[in-house]
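**Q** Below, each chain spelled out in residue letters.
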Amino acid sequence: MSNDVADRVKKIVVEHLGVEEAKVVESASFIDDLGADSLDTVELVMAFEEEFGCEIPDDAAEKIVTVQNAVDFISENV
Amino acid sequence: MFDLSGKTALVTGASGGIGSAIAKALHDQGAVVGLSGTRVEALEKVAAELGGDRVHVLPANLSDADAPADLVKRADKAMGQLDILVNNAGLTRDNLAMRLKDEDWDTVLAVNLTASFRLSKACLRGMMKRRWGRIIGITSVVGTTGNAGQTNYAASKAGLIGMSKSLAQEVASRGITVNCVAPGFIATAMTDVLSDDIKENLLSGIPCAKLGSPEDIAASVAYLSSNEAAYVTGQTLHVNGGMAMI
Numbered sequence: 001m002s003n004d005v006a007d008r009v010k011k012i013v014v015e016h017l018g019v020e021e022a023k024v025v026e027s028a029s030f031i032d033d034l035g036a037d038s039l040d041t042v043e044l045v046m047a048f049e050e051e052f053g054c055e056i057p058d059d060a061a062e063k064i065v066t067v068q069n070a071v072d073f074i075s076e077n078v
Numbered sequence: 001m002f003d004l005s006g007k008t009a010l011v012t013g014a015s016g017g018i019g020s021a022i023a024k025a026l027h028d029q030g031a032v033v034g035l036s037g038t039r040v041e042a043l044e045k046v047a048a049e050l051g052g053d054r055v056h057v058l059p060a061n062l063s064d065a066d067a068p069a070d071l072v073k074r075a076d077k078a079m080g081q082l083d084i085l086v087n088n089a090g091l092t093r094d095n096l097a098m099r100l101k102d103e104d105w106d107t108v109l110a111v112n113l114t115a116s117f118r119l120s121k122a123c124l125r126g127m128m129k130r131r132w133g134r135i136i137g138i139t140s141v142v143g144t145t146g147n148a149g150q151t152n153y154a155a156s157k158a159g160l161i162g163m164s165k166s167l168a169q170e171v172a173s174r175g176i177t178v179n180c181v182a183p184g185f186i187a188t189a190m191t192d193v194l195s196d197d198i199k200e201n202l203l204s205g206i207p208c209a210k211l212g213s214p215e216d217i218a219a220s221v222a223y224l225s226s227n228e229a230a231y232v233t234g235q236t237l238h239v240n241g242g243m244a245m246i
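As they're listed, the protein sequences go chains A and B.
Here this note's numbering is used: position 71 in the first sequence is 71, and no number is missing along the way.
Here this note's numbering is used: position 70 in the second sequence is 70, and no number is missing along the way.
Worth flagging that the hints you see were computed from the coordinates, not collected in a lab.
Treat each hint with caution, since some may be false.
[Said to hold, decoys possible] Derived BS3-like pairs (lysine-lysine); straight-line CA-CA distance at most 25 Å: (1) K129(B) with K63(A); (2) K165(B) with K11(A); (3) K129(B) with K165(B); (4) K165(B) with K10(A); (5) K63(A) with K121(B).
[To be verified] Covered stretches of chain B, as calculated for chain A (at least 3 residues, CB under 8 Å): (6) 82-94; (7) 118-131.
For every residue, glycine included, the Cβ atom is placed at its ideal position computed from N, Cα and C.
Next comes chain A alone, as it looks inside the complex (with noise of 0.2 Å):
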């Protein structure tokens, strides 16, 4: 299950930051690693809500700022 969520919220980070697929690993961080702005942040957590069919509140999104963090949020809540 957790390999395939890995890979699923892998494919939305290399789509809607269009970076290099090597590049996206477990502790890459959206804005430091992936140069990412807030924004795109956003919109990240909108893209795995819609994926998953889940909802992440405000105070949760604000935590997932590696891609590990969103594997893990989604691994637990879903």
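Since the structure of chain A is already known, use the hints to place chain B on it.
**A** Just chain B now, with coordinates in the frame of chain A:
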């Protein structure tokens, strides 16, 4: 020019003089229009005047905190999506500052400013996904010049301008523009009741020497809503016959 075919628009305060003219202008340009306001009968009347199936009546009382999010949901459902938001709903509770009740301050800020922010926030998600959106606030010349007896109203309208500039900076890269239109004195039911003396005095300060019409405001909104205005954002378009040149 300014073709809005295939676009959907929500206009708050749509039963009033300016609001109904805005709704008509957007409708004339081809948009599907959602009419919001508190007076259902008056909204139905405007809808009947527009006619056809490109019009929806969506009543809401924006002084309720939950109303804006709910209204955007209903507008989305009725029209499929929301491309253009016109924050036109507004009210006045005029008094000298020394006599102004807290409640009258709060009510004016809640409807004119807070509800406009909440409506804007609620429609951003869809606009960001589609990479296209227009948010237009109907402010007022007094938001820039001030006006004795209107501390609350002027603050709310100045607030709308500041909010729009900030929001414009946040979402410009996603194809969403945020602008204001600032009417001066416009001939509506509100100005009909003024005495001739007061009207004459008023006109002496307006270079165009007449009151504006709701259609003057509506035309500006139609422009800012269009693709042609895509490079205009964070601006306030003053439509006031020259009474204040800012």
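**Q** Decide, hint by hint, whether the structure agrees.
**A** Verification of the hints:
Restraint check for K129(B) and K63(A): satisfied, since their Cα atoms lie roughly 22 Å apart, inside the 25 Å limit. Pair hint K165(B) plus K11(A) does not hold up; C-alpha atoms about 34 Å apart against a cutoff of 25 Å. The straight-line distance between the Cα atoms of K129(B) and K165(B) is roughly 21 Å, inside the 25 Å bound, and the hint therefore holds. Between K165(B) and K10(A), the direct Cα distance comes to roughly 34 Å. Violation of the 25 Å bound is thereby established for this hinted pair.
Proximity of K63(A) to K121(B) is assessed by CA-CA distance (about 21 Å); at most 25 Å being required, the pair is judged to hold. Taking a C-beta to C-beta cut-off of 8 Å, the segment 82-94 of chain B contributes 0 residues in contact with chain A, too few for the three needed, and the coverage statement is violated. Look at the segment 118-131 of chain B against chain A: 3 of its residues bring a Cβ nearer than 8 Å to a Cβ of that chain, three or more, so the hint holds.
In this structure, the earlier hints numbered 2, 4 and 6 are contradicted, and the remaining ones agree with it.
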